[in-house]
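Chains as they are written, first to last, in our numbering: chain A, 1 to 131; chain B, 132 to 563.
None of these hints come from the bench; they were simulated from the model. Please note that a few of the clues may not be correct.
Below are the DSBU-like pairs computed for lysine-lysine, each with C-alpha atoms no more than 30 angstroms apart in a straight line [as the list claims (entries may be wrong)]: (1) B:Lys183 / B:Lys440; (2) A:Lys13 / B:Lys545; (3) A:Lys67 / B:Lys540; (4) A:Lys67 / B:Lys523; (5) B:Lys516 / A:Lys54; (6) B:Lys516 / A:Lys93; (7) A:Lys60 / B:Lys524; (8) A:Lys67 / B:Lys524; (9) A:Lys67 / B:Lys516; (10) B:Lys516 / A:Lys60; (11) B:Lys136 / B:Lys360; (12) B:Lys516 / B:Lys501; (13) A:Lys121 / A:Lys109; (14) A:Lys13 / B:Lys523; (15) A:Lys13 / B:Lys501; (16) B:Lys516 / A:Lys4; (17) B:Lys501 / A:Lys60; (18) B:Lys545 / A:Lys54; (19) B:Lys545 / A:Lys60; (20) B:Lys227 / B:Lys524; (21) B:Lys360 / B:Lys257; (22) B:Lys545 / A:Lys67; (23) B:Lys516 / A:Lys121; (24) B:Lys545 / A:Lys4; (25) A:Lys13 / B:Lys540; (26) B:Lys523 / B:Lys545; (27) B:Lys540 / A:Lys60; (28) B:Lys540 / A:Lys4; (29) A:Lys4 / B:Lys523; (30) A:Lys67 / B:Lys501; (31) B:Lys523 / A:Lys60; (32) B:Lys516 / A:Lys13; (33) B:Lys524 / A:Lys13.
Quick caveat, the model's predicted, so the values are computed rather than measured.
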Amino acid sequence: MIIKQVSVFLENKSGRLSEVTRILGDAGINISAFTIADTSDFGILRMVLSDPDKACTVLKASDFSVKTTDVLLANSSNKPGGLAELLELLNAKGAFIEYMYAFSMNDNKATIVIRPTNIQKCAAILEEYKG
Amino acid sequence: MIWNKTIECASRDEMAAIQSERLIRTVQRVYHNIPSYRTKMQEMGLVPGDIKSVEDISKLPFTIKSDLRDNYPFGMFTVPMSEIVRLHASSGTTGKPTVVGYTRNDLQMWAEVVTRSLGMAGVHQKDIVQVAYGYGLFTGGLGLHYGTENLGATVIPISGGNTQKQIQLMQDFGSTVIACTPSYALFLAEVMKDMGVAPESLKLRVGIFGAEPWSESMRKEIENKLKIKAIDIYGLSEVVGPGVSCECEYQCGMHVNEDHFIPEIINPETLEPVAPGEIGELVFSTITKEGIPILRYRTRDLTRLIYDKCQCGRTLVRMEKCMGRSDDMLIIRGVNVFPSQVESVLLSMSETEPHYLLIVDRVGTLDVLKLMVEVQEQFFSDEVKELEALKKKITSNIQSTLGISVDVKLVEPKTIERTAGKAKRVIDNRKI
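Isolated chain A (complex conformation) (with noise of 0.2 angstroms):
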């Protein structure tokens, strides 16, 4: 499934992150899942939520630089060499991973977030996986 992801980019200063997150807070935007890039001197908060456009509104009024990127959603197993599995399937078909974080896990399922070079090729890869 391809859904929209929100960035932000933050400097390495106190404060920041916990802004972010009580501005979403506040608008009553739900955060399900999110991953940090950090470099020395700055960061990008990728984020994925209940309602990315409304997210992007708020935090732009807020003035945060602010884009949103289609990433793809993919189960694997949740068991050892689930991951391995998804990834090695992945690589067989040439499909190459930017980055990708980990977004929520039950029993039997653990569900991560990709954002590949390709996400229309990657999508129709994953459409016939079943994890």
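Starting from the structure of chain A, add chain B where the hints point.
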């Protein structure tokens, strides 16, 4: 040593007579040869005959850096190119440099004023002068070079950089004089320490420092660390280069070679001359230059003039160390930097107006330039590697435009303080 006693110790009346005669000739020459000056004078209802003495100088139009840029490259030259024997250039505000041309006589005059400056600094024929200013389009290296030869001292044309070799030659050749920027002098002292070279073991006794602002406390530091007398020399390529003025051994202001360059101090707001002794913007008119004579050039340097006779015996007017600028130009490691240059680089990389802040610091002895750029929508990417690439691109574009390295930091939108809608562009933290 006073190189040219007749001029350097002339009475005020004698100097005024020389200046008047030369100014009148210069005004006639530029009026008839440079269309931009003629137009300016006509607009003011001035004809060359209105300038009867140096007293009339304030009637003349000003020249600013952009006049040179607008007439790039050779539009302000008053002689055909066949008479120009040398070109120099300094960095301009929008990438185009400011070009100046010298005739054979101009080079002779320049060598003369540098020789006088060396004399003021206490340099004599037996000295060995290591010229560590850059040789090239910059006027520092070649300016000091020919002045030293004209004096009859020995010149070591080593140019800038190559610090260990500089120190080695000081040891091997027994250099007695070093000419470079004051910040490089401090850097030399540091490297000497690292190399275990005691300044007392060298023959250095005088340093001639210019091309960037420096304070009395920096002078003391240089004098202590290198065990030399540190002399301030002033110049700018639009006027001639180094040698426009220089301190004597009493270090109480720089004697202006005013038989070639008439200084004035104006109020940068009203453009009117200030009362004698008051601080204002320094303005120069060249009165002997042939290649590119210039009337009332606004240097943007703030200082004051002292007309009292100096203890050294010279009567040449003195200008105090420059106390700042009336524009936003920064001098970093001897390089002129205008915030507008940074702005044009950033603008060329994005569609919308960039928000940025330049921060200058002095770390140890070296000036460092930091550039904060707000990551607005147009710059923001979800990919770290793209943001890193953006940072790299800004760094290299700025570096190739300004000619100095810059440390770029990407910051969040609206981080840079805005006052009355207009962002502050420069923070200079250097304690000069």
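- prompt: Going through the earlier hints one by one, which of them does the structure break, listed in rising order?
  reply: Hints that this structure does not satisfy do not exist here, as all of them hold.
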